[in-house]
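Undergrad: Chain residues, written in single-letter form:
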Amino acid sequence: MRVTQSIITRTLLQSLNSTKESLREKQTSIATGKRIEKPSSDPINFSKADKFRRKIEQNEGFLQNVESSLGWVENTMSIIDSIYEKILRVKEIAVQGADNTLDEEGRRILSEEVDSIINDIVSLGNSSYLGKYVFAGTSTKGEKPFTYDGYSVVYNGNGEKLFRRVGENYSVVINVSGEQLRATNVFTVLTDLKNALDNNNPEEVADLIARIDQVGDNLLNLNSSVGSIQKQLELIKNRLETANMNLASYLSSAEDVDLAEAITQYNVEETAFKAALSITSNAIQLNLFSFLE
Amino acid sequence: MKNGNKHPQMLEGIEIRNLVTVEFPYGLPGFEWLKRFNIAEVKDNPLFSLLYSTDEPDISMIIMKCPVAETSEELYKLVRKEIKRYFGANGNGVDIYFVVRLEKGEKKLIANYSAPIVVCRDRMVGYQLILERDLSELICENSNVR
Amino acid sequence: MSISEILNISKKAIFNYRSAINVTAKNIANVNTEGYKRRRVDLSSVTSQLQGFNQMNGELIQENIVRIKNSFVENQLYYETQNLAKYKLDESLFNQIEDIFAEPSDAGLSKVLQDFWDSWNTLATDPESVTARNIVKDKGIVLSNTFKRYYTSLVQLQRSSAEDIGKKVEKVNSILSQLASLNTRLVANKSRDLMDERDRLLSELSELINMKAREEANGAVTVLVGNQIVLSGGNYSELQVDLSMENNLYNVEIYVGGGSQLTNVDSGEIGSLMHMVNDEIPEIVRELDNMAVTLSIYVNTLHVKGYSLEGKTGIRFFKSNITGASNFELNDEIVNDPTLIVASSRPDEPGNNEIAMAIHDLQYRDIISGSTVSDYYNALISRIGMKSQEVEFLRSSQEKVVTGLQNTLDSISGVSLDEEMTNLMEYQHAYEAAAKMVKTVDELIQTVLSLV
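Listed in order, the protein sequences are those of chains Y, D and R. Here this note's numbering is used: the first residue of the first sequence is 85, the next is one more, and so on. Here this note's numbering is used: the first residue of the second sequence is 11, the next is one more, and so on. Here this note's numbering is used: the first residue of the third sequence is 2, the next is one more, and so on.
Rather than coming from a laboratory, the hints here were simulated on the basis of the structure. Take the hints with a grain of salt, since some may be wrong.
Here's a subset of chain Y near chain R, in silico, CB distances under 8 Å, partners left out [to be verified]:
#, residue
1, P123
2, P127
3, F130
4, R138
5, G145
6, N149
7, S152
8, T222
9, K225
10, L246
11, R248
12, E252
List time: in silico DSSO-like cross-link candidates among lysine-lysine, alpha-carbon distance up to 27 Å [claimed, not checked]:
#, chain 1, residue 1, chain 2, residue 2
13, Y, K135, R, K149
14, Y, K321, Y, K135
15, D, K91, Y, K315
16, Y, K321, D, K75
17, D, K94, D, K45
18, D, K75, D, K87
Treat the numbers as computed from the prediction; the structure is a model and nothing was measured. From the three backbone atoms N, C-alpha and C, an ideal C-beta is built for every residue, glycine too.
This is chain Y alone, in the form it adopts within the complex:
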């Protein structure tokens, strides 16, 4: 085939154009640091990368839920703990009150203390965390969940559960409702104790001691079930964090242009390397780039 002028020019122009195109794409990817600049650059990997990016965000949402749930749960546990501490004192009072050598006046003073403890516990039962009642079920605002008129404790909240999403199809219940608290018999036993002391009846008081112990146990059981929610949340948190680190690592190797460069140019020199180590919790940062320079 004869080679004519226009053939030469045309072929040259074509090869020039294709070089320019690939240069532009390379340059953009270095500037943004990402290789998948738009879906057409790599449609299949874009699709995957997009899904995983969304997954990371979802996980971060779940992690936030886990954190706030942990806050709530830990707060609940410390309140129940405080109530338990009070029960320990109540037992002492009951033992004293059951003592036949104690006089009416003595019992009256003890009764007053029990009354004050009941108020404290009602107050604890009305605790707020971030502006919401801890032991009211879903009635987290408005009237206080517990009221005490000096004779009995009334619960105005409900027994509904507070759910928090911590996984795609997975929620945890984070609350202890006022009904569950009431079910420990803490209020009935204490008001009974107060009555018994008011009635100056040592046998009645003595009978209550076993029940007070039971209330203590109930509170411990309640707290330990909350504790297992806490453990569960911690495990979920660790798993979510690890998953997100793995996902980030995958995205990094799929998209970051410099990673390959960093890996291949790395030269192992142990002493120099050790000098470059610096520590933070959960991660060690290798200052490779400054080390390479």
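Assemble the complex: chain Y is given as a structure, and chains D and R must be docked to it using the hints.
TA: Same frame as chain Y, but now just chains D and R:
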């Protein structure tokens, strides 16, 4: 760096060798459905390896051996104990790796020391341990670096 | 042979060589003129006459200047040029579509939708909070604006593309008109220049639309578009564009001169635009509309069951009459008073987050064509990306095909300077030889005459 679908010996200018296939019965967090991975060393680079799924080779990560040459006996003991506790597996002859990513803004490589990938050599089975305590202290104690 | 006979032959030779030199000079002058078909003077008999000067067989005949043309290659070139023009425009249009969606970026629907779902999670964690409700409203507005922005940009692209079709069809008609008058002139006078002009116009036409050309015996060219004759001799039929609108989107049809519909405009720039306007863009809009309607229905169905902080129920989150992306908007009541956003499934339960959680959970449910909204959108974007990538590849390989064909055509009929120069010198020498011959003969005659 794009992986997968390419000849396993050569990935975009990075040569690899000593490829092994490891079963991960629980997958990896974030990739729970992938149960089998290849691990290959990066040629002339004893620190880094490549981990990628056999079913979906595009899913890959860079992993790193413990950066301190003399890895402590304590470290191995801890890892073996955890494997036994969580997975009931025998932890003899384990290789320990840490997942790595690039922190673009600061030009740093970040390794995840609280979730090592552990491979039991004898049975070619792997797990990712999620530890309550991260190992950076343990490793650094050993290397006298602070 | 008589002196006069020798003279005659020589004279003819001179004329022939002179015309050969002229042709060569013209070839050289036109080396950069596109479509210039190289003229080759058929001088075989002349050369052999001169060489065998003593043979004296027959007259020297100057052949008509033969126009080199390989019409098979030319038609193939038209076909491939149409495809190239189509791929080029497809590529440009797909790039514009990708730019509209702006993925992957924080302004893209993928992230915006995720932010929307996340805002419901924030509300579910804090169902009593007014702040959380403000966030839901804000993210809802961004979501709505994104849908509307996509819609507006796609419709604009479709409109301007439809207008482009009109302009390009006008161009086609203008070319056909010029070709028709060329045909008439060419039948009378087969001028090389006119033929070159015609070829240039045909080439331009092939970029615009799918066409075939056929040269008739009388020298006129017949042109078909989509298997319908639009040019025959001095007569041509204009193409007409018919625009109709449905659901705010155009539909374009092309007719031939008031006759039957052209269903097969599938190549050239017009082919690319037709497909974009009639098929691609409406399909993308349809899918966006589908997403918008699905989201509004599912979110509203849950939302109306819930109770606001003040205990109100039956409130929609999105407007009730949403037909697609263009009117995908939040309920005005919600925009004016975000406390109407519900989280609870029952009255007087401020800590109840069932509805907010259920709305958040919609992102995992297969609510649109058997998949989640995110997956549906992801598939749409990937499809556009793959088509875009494919067309880019087709375009770049098609460029090579066209280049190859043009080279073939060129080698048959293009001008090579080197060769022309060589020819020129050859003719020049022969001319001089012929001229010398005449001079010699002339001198002979003079001698003879003087002798007499």
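Undergrad: The structure should be examined with respect to each hint, and the outcome stated for every one.
TA: Right, here's what the structure says about each hint:
Interface restraint check: P123 of chain Y against chain R, minimum CB-CB distance 3 Å, threshold 8 Å, status holds. Interface hint status for P127 of chain Y: upheld, as the beta-carbon distance to the closest one in chain R is roughly 4 Å, under 8 Å. Nearest Cβ of chain R to the Cβ of F130 of chain Y: about 6 Å, under the 8 Å cut. The hint holds. Of the supplied interface hints, the one on R138 of chain Y holds, with its beta-carbon coming within about 5 Å of a beta-carbon of chain R, less than 8 Å.
Using the Cβ-Cβ criterion of 8 Å, the hint placing G145 of chain Y at the interface with chain R is satisfied: the shortest such distance is roughly 5 Å. Interface restraint check for N149 of chain Y: the shortest CB-CB distance to chain R comes to about 6 Å, inside 8 Å, so the restraint holds. Interface hint at S152 of chain Y: satisfied, since its Cβ lies 5 Å from the closest Cβ of chain R, which is below the 8 Å cut-off. The beta carbon of T222 of chain Y is positioned within 8 Å of a beta carbon in chain R (closest approach about 4 Å), and the interface hint is therefore held.
Taking 8 Å as the C-beta cut-off, the interface hint given for K225 of chain Y holds, the closest approach to chain R being about 4 Å. Given the 8 Å rule on beta carbons, the hint for L246 of chain Y holds: about 6 Å separates it from the nearest Cβ of chain R. This hint holds: R248 of chain Y has a C-beta 6 Å from the nearest C-beta of chain R, less than the 8 Å allowed. Interface restraint check for E252 of chain Y: the shortest CB-CB distance to chain R comes to about 6 Å, inside 8 Å, so the restraint holds.
For the hint linking K135 of chain Y to K149 of chain R, the alpha-carbon distance of about 24 Å falls within 27 Å, and the restraint holds. With a C-alpha separation of about 21 Å, the suggested pair K321 of chain Y and K135 of chain Y falls inside the 27 Å cut-off, and the hint holds. Between K91 of chain D and K315 of chain Y the alpha-carbon distance is near 20 Å, which keeps this suggested pair within the 27 Å criterion. For a cut-off of 27 Å, the pair hint linking K321 of chain Y to K75 of chain D stands: about 25 Å separates their Cα positions.
For the proposed pair K94 of chain D and K45 of chain D, the alpha carbon gap of about 19 Å is at most 27 Å, so the pair holds. Using a Cα cut-off of 27 Å, the hinted pair K75 of chain D and K87 of chain D holds, with the two alpha carbons roughly 17 Å apart.
Hint compliance for this structure: no hint is broken.
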